[in-house]
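Trainee: Sequence:
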Amino acid sequence: MELALRVKPRAPKDAFIGPEGDFYRVAIKAPPVEGKGNAALRKFIADAFGVAPSKVSVIGGEQSRYKRLRIEAPRTFPIPVKPRLP
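When we follow this note's numbering, the leftmost residue of the sequence shown carries the number 2, and every step to the right adds one.
Wrong hints could be hidden among the right ones.
[Said to hold, decoys possible] Using 30 angstroms as the maximum straight-line C-alpha spacing, the simulated DSBU-like pairs for lysine-lysine come out as follows:
no., residue 1, residue 2
1, Lys37, Lys9
2, Lys44, Lys9
3, Lys30, Lys9
4, Lys44, Lys30
5, Lys56, Lys14
6, Lys44, Lys14
7, Lys14, Lys37
8, Lys44, Lys56
9, Lys37, Lys56
10, Lys9, Lys56
11, Lys30, Lys14
12, Lys56, Lys30
[What the hints assert, rightly or not] What follows is a set of in silico ranges between Cβ atoms, one per label pair, in the way DEER data are often shown:
no., residue 1, residue 2, range
13, Gln64, Lys30, 14 to 20 angstroms
14, Phe78, Ser58, 17 to 23 angstroms
15, Gly19, Ser55, 25 to 31 angstroms
16, Val34, Ala74, 28 to 34 angstroms
17, Thr77, Glu35, 28 to 34 angstroms
18, Glu35, Phe78, 27 to 33 angstroms
19, Pro13, Ala74, 29 to 35 angstroms
20, Arg11, Ala74, 29 to 35 angstroms
21, Glu73, Pro13, 26 to 32 angstroms
22, Ile60, Pro13, 23 to 29 angstroms
Think of the hints as simulated: they come from the structure by calculation, not from any bench.
Quick reminder that beta carbons are idealized off the backbone N, C-alpha and C, glycines included.
Let's have the full structure, built from the sequences with the hints guiding it.
Mentor: Next comes the structure, spelled out in structure tokens:
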């Protein structure tokens with residue numbers, strides 16, 4: 002499964018905020034410095050979807066607030082997910 006996210010770093014707490022256009026907004030406490038933000042995002046998403054952090058990968062937007070993540074075999078769906086039809 003792939004997610005398109007808009008990440009807000011240095012937030013008071015890690016949380017899902019809500020949909021924003023084609024993206025889902027996520028707040029992360031970690032700063033966007035030396036990969037700390039991406040690592041915290043991967044851990045937050047992994048915990049939320051019930052998978053190990055190694056099953057979450059950043060496939061786009063490594064140094065951007067707009068990111069695409071791939072989650073392998075999610076066990077739970079903490080946010081509403083709409084399938085993209087061809």
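Trainee: Does the Cβ-Cβ separation between Pro13 and Ala74 fall within 29 to 35 angstroms?
Mentor: holds, 31 angstroms
Trainee: Confirm or reject the claim that Gly19 and Ser55 have a C-beta distance inside 25 to 31 angstroms.
Mentor: holds, 28 angstroms
Trainee: Do the beta carbons of Thr77 and Glu35 sit within 28 to 34 angstroms of each other?
Mentor: holds, 30 angstroms
Trainee: Checking one constraint from the list: CA of Lys44 to CA of Lys30, max 30 angstroms. Satisfied?
Mentor: holds, 12 angstroms
Trainee: Holds or violated: Lys56 with Lys30, Cα cutoff 30 angstroms?
Mentor: Holds: Lys56 and Lys30 sit about 21 angstroms apart, inside 30 angstroms.
Trainee: Within a Cα-Cα threshold of 30 angstroms, do Lys14 and Lys37 meet the stated pairing?
Mentor: holds, 15 angstroms
Trainee: Starting from Lys37, check that the Cα of Lys9 is at most 30 angstroms away, please.
Mentor: holds, 13 angstroms
Trainee: Would the pair Lys30 and Lys9 pass a check requiring their Cα atoms to be no farther apart than 30 angstroms?
Mentor: OK: Lys30 and Lys9 at ~8 angstroms, within 30 angstroms.
Trainee: Holds or violated: Lys44 with Lys56, Cα cutoff 30 angstroms?
Mentor: The hint holds at about 10 angstroms.
Trainee: Would you check the hint for Lys44 and Lys9, treating anything up to 30 angstroms between C-alpha atoms as holding?
Mentor: holds, 15 angstroms
Trainee: With a cut-off of 30 angstroms on the C-alpha distance, tell me whether Lys37 and Lys56 pass.
Mentor: holds, 18 angstroms
Trainee: Does the hinted range 27 to 33 angstroms hold for Glu35 and Phe78 at CB?
Mentor: Given range 27 to 33 angstroms: holds, Cβ gap about 31 angstroms.
Hint compliance for this structure: every hint is met.
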